[in-house]
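Sequence order for the protein chains is A and B.
To convert, count from 1 in the first sequence and add 585; that's the numbering used here.
To convert, count from 1 in the second sequence and add 20; that's the numbering used here.
No wet-lab data here; the hints were simulated from the structure.
Fair warning: there could be bad hints in the mix.
Unchecked claim - SDA-like, lysine to any residue: derived pairs with alpha carbons at most 20 Å apart:
(1) B:Lys420 x A:Leu783
(2) B:Lys443 x B:Arg411
(3) B:Lys420 x A:Pro787
(4) B:Lys420 x A:Gln720
(5) B:Lys446 x B:Arg291
(6) B:Lys420 x A:Arg618
(7) B:Lys420 x A:Lys718
(8) B:Lys212 x B:Glu202
(9) A:Lys718 x B:Ser334
(10) A:Lys718 x B:Ala353
(11) A:Lys718 x B:Glu333
(12) B:Lys150 x B:Arg138
(13) B:Lys443 x A:Pro787
(14) B:Lys154 x B:Ile208
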Amino acid sequence: MAVDVRSQFEEEPSAIHPDRVKRSPRLRAAFGRLAPLAVLIALLAALGSFAPSFLSLYSLRVLAGESSAILLLAIGQTLVILLGGIDLSMGALASLASVLIAIALPKAGALGLLGVLALTMLIGAGQGFVNAKAQIASFVVTLAGLGLWSGAALTIAHTTIPVSEGYEAVGWLKGRIFGVPNAFAFSVATLLALAAALRWLPFGRHVYAIGLGEVAAILSGIHVARVKVLAYALSGLFAGLTGMLMVARTYSGNPTIADSLLLPSIAAVVVGGTAITGGYGSLQRTLVGALTIAVLRVGIAVVGLDPAYEPIAYGVLVAGGVALTIDRSKTGIVK
Amino acid sequence: MTEPVLRVENLSKGFPGLQALDGVSIEINSHEVVGLIGENGAGKSTLLKVLAGLYPADQGRILLRGRETSFRSVAAAADAGIGLVFQEQSLLPNVSVAENILLGYEGEAVRFGLYDWRSLYRLAAVQLDKLGSKIPPDAATQSLSFADRQIVEFAKVLAIEERTRHEPVILLDEPTSVLESEEVDRIIALIKRLRERASVVFVSHRLDEVLRVSDRVYVMTNGRCVAERDPRHCDVAELQQLMLGRELSIAYDNRSARPSAAPDNVRLRVRDLSQAGRYEGISFDLRGGEVLGLAGVQGSGRDALCRTLFGAESADSGQFLIDGAFVRFENPADAVEAGVGYVPAERRVEGIIGGLSVKENMTLAHLREVMRGPFIDPRREGNLAARWIDRLRIKTPSPKTPTGNLSGGNQQKVVLTKWLIAKDLKILVLDHPMRGLDVGAKAEIFTLIHDLARSGIGILLIADTLEELIALSDTIVVMRDGRISGRFQSSEPPTQLQILERMV
Numbered sequence: 586m587a588v589d590v591r592s593q594f595e596e597e598p599s600a601i602h603p604d605r606v607k608r609s610p611r612l613r614a615a616f617g618r619l620a621p622l623a624v625l626i627a628l629l630a631a632l633g634s635f636a637p638s639f640l641s642l643y644s645l646r647v648l649a650g651e652s653s654a655i656l657l658l659a660i661g662q663t664l665v666i667l668l669g670g671i672d673l674s675m676g677a678l679a680s681l682a683s684v685l686i687a688i689a690l691p692k693a694g695a696l697g698l699l700g701v702l703a704l705t706m707l708i709g710a711g712q713g714f715v716n717a718k719a720q721i722a723s724f725v726v727t728l729a730g731l732g733l734w735s736g737a738a739l740t741i742a743h744t745t746i747p748v749s750e751g752y753e754a755v756g757w758l759k760g761r762i763f764g765v766p767n768a769f770a771f772s773v774a775t776l777l778a779l780a781a782a783l784r785w786l787p788f789g790r791h792v793y794a795i796g797l798g799e800v801a802a803i804l805s806g807i808h809v810a811r812v813k814v815l816a817y818a819l820s821g822l823f824a825g826l827t828g829m830l831m832v833a834r835t836y837s838g839n840p841t842i843a844d845s846l847l848l849p850s851i852a853a854v855v856v857g858g859t860a861i862t863g864g865y866g867s868l869q870r871t872l873v874g875a876l877t878i879a880v881l882r883v884g885i886a887v888v889g890l891d892p893a894y895e896p897i898a899y900g901v902l903v904a905g906g907v908a909l910t911i912d913r914s915k916t917g918i919v920k
Numbered sequence: 021m022t023e024p025v026l027r028v029e030n031l032s033k034g035f036p037g038l039q040a041l042d043g044v045s046i047e048i049n050s051h052e053v054v055g056l057i058g059e060n061g062a063g064k065s066t067l068l069k070v071l072a073g074l075y076p077a078d079q080g081r082i083l084l085r086g087r088e089t090s091f092r093s094v095a096a097a098a099d100a101g102i103g104l105v106f107q108e109q110s111l112l113p114n115v116s117v118a119e120n121i122l123l124g125y126e127g128e129a130v131r132f133g134l135y136d137w138r139s140l141y142r143l144a145a146v147q148l149d150k151l152g153s154k155i156p157p158d159a160a161t162q163s164l165s166f167a168d169r170q171i172v173e174f175a176k177v178l179a180i181e182e183r184t185r186h187e188p189v190i191l192l193d194e195p196t197s198v199l200e201s202e203e204v205d206r207i208i209a210l211i212k213r214l215r216e217r218a219s220v221v222f223v224s225h226r227l228d229e230v231l232r233v234s235d236r237v238y239v240m241t242n243g244r245c246v247a248e249r250d251p252r253h254c255d256v257a258e259l260q261q262l263m264l265g266r267e268l269s270i271a272y273d274n275r276s277a278r279p280s281a282a283p284d285n286v287r288l289r290v291r292d293l294s295q296a297g298r299y300e301g302i303s304f305d306l307r308g309g310e311v312l313g314l315a316g317v318q319g320s321g322r323d324a325l326c327r328t329l330f331g332a333e334s335a336d337s338g339q340f341l342i343d344g345a346f347v348r349f350e351n352p353a354d355a356v357e358a359g360v361g362y363v364p365a366e367r368r369v370e371g372i373i374g375g376l377s378v379k380e381n382m383t384l385a386h387l388r389e390v391m392r393g394p395f396i397d398p399r400r401e402g403n404l405a406a407r408w409i410d411r412l413r414i415k416t417p418s419p420k421t422p423t424g425n426l427s428g429g430n431q432q433k434v435v436l437t438k439w440l441i442a443k444d445l446k447i448l449v450l451d452h453p454m455r456g457l458d459v460g461a462k463a464e465i466f467t468l469i470h471d472l473a474r475s476g477i478g479i480l481l482i483a484d485t486l487e488e489l490i491a492l493s494d495t496i497v498v499m500r501d502g503r504i505s506g507r508f509q510s511s512e513p514p515t516q517l518q519i520l521e522r523m524v
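Throw the hints in and build the complete structure from the sequences for me.
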């Protein structure tokens, strides 16, 4: 009978799951909202007590730098997940971007960089267009994209391409502002700008509306396809920005450099408490999630565990984070 | 007197911002059909869901055959002999009737982990026989009509009987709300049949049905049980009055209060509109201030026509003009841009977005009205929402409440507001605007439609019943097999029979 239950909760004047344990609903909601932050703080505290040097200015700086790439990817991913989709192509696209940027910088400098970013945005928009117009699931479109962009990157560059000239166009990301790595400051600044856009621009409202009820959104006259294309274009752009960051960090482009960042970036979104089913969540939550993932990465090294445990930790965190933070009454059936 | 099968004592259940049940006490006797009525939000559905184990009660006792019980799940309630037939059907469309009926309780029909289809069909047939139904157990569920699926739901609940040695208590949550009248008769007959094997609680908004089928009627308002009546000494008017706590002031026939539409002001002109396989050669005019009712059975093309006028489907040939200008809609967004609003029949999926707040739903189609430059202005949005909540008397704890938490009638008011906030609304297409609403909410929506028409909007209406259609419409256009088969003016209102003759 479990499947029957879902529709029953929608009209009923309750937003709560029929939990058998009596708990104040308001408390419960607050718990759900704050759980990701609590996890982050607990993780920091645990690592701090294990290795006090971990909380030093230096290692926090390393931590911030470490989280920037994941954060950039997770920002784009958040938009797509809020729509109810997922973008599996982001890592591959970021790798491709790093290769293209490494090639473009010596030839065209900053202009070349902008060209590559525009191209990634266009690629993202294309994926969004196929998803929205051809009605192919985002999972499928972006999985195909993953193959395509990975293949393209490997075809263009079989191995690492060092940036011989024009590095200064991306070099500013290596600097610091008030002790904060520029890369991190840049990521957080874009996150805040986009968060403001989600809150105050119709685009943001429409993203949430589509994530929560696409049919009603269509019948309210929202240009659903347009919103989707824009969201995927932004996720493409953020993949491009991640590629740029990678070039800044390694002075080179590499056809697989960002591939391994896809899972942690999705984990960041989910651990932050954004519902994988769309409509619930925010970029602020993604910031918390990305920091959690970064702490975990660095923490594993600090504690001296085999780095092979890293993906295992992501897996546990994703499942655990979802279990802790998601409001099940709002997501209903799980597929 | 014998002990009632089910006794509910002083039951309470609260949700955030709402006390859904506030000390309800009822009794259900063996082989009795108990009617439960009340406005939307009165707590009927919540009561059923507590009884069926979907929600835990905050306070109070449930005694089943004299023993205090509380169920932790629907399965536990079913094992004790209480079954709920949901308001929305809950069958799996892609499997057979028999699988649905025995889902989760296949018992001897499963051998070595595999279905033994013969005994599965036999066991299912036992349940269907109880209802005298001829539905083949191996039929694909999705191929059945809505009414037949309802029978399968009943059979599924009756299967409880075999698992408990007692006769079951069956809870029916508005089993007839979306059925056409001849199908309703079948369901009513079935409920009478159920009485021979079970005790039944019957929730419905159709008071005449409740009177026809029930042995006793409880009236609920605001989470309390306010009256108990014997249907033999009671009529619909009295029940309505009890439900509302006041005389029902709005009768259906107040057409005289409405000024007739100005003949020169044609808001929508449809000419020779056709869509292959759906409708053909449709022409009519809709004037400002006019309510044009579209009559027709399912498949007559009226729904497709409405969706075309809103841009959700496109016509193959023909044209339509709004305020004298040719329009062509690629999608609903174009229609909204042109000043058309659409209140869909599937309110909870197509009308509202349950997870968005009341104010966000209100401004969804016309965000421009609350924007300052390129930004949404939260203050203007809040003010606008507060104004409309006040104006339409929408019952909500706050404008920020998720719309899914409101009752059906209040949700519908939110959907209407979505279009009403537009400054230049020209045409409003209402697709079953009163579906699933109770008497009080219907009366309010009814008045609202009248007021809207008076403001000069052209209204295209598909109604749930002919009675509603006749009461609301100035002009009635009847469709049959995709063509217009009759037209009536309110100056000489047609009878239901006259319309029906042209429909079939």
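Any hints this thing doesn't respect? Which numbers, in order?
4 and 7
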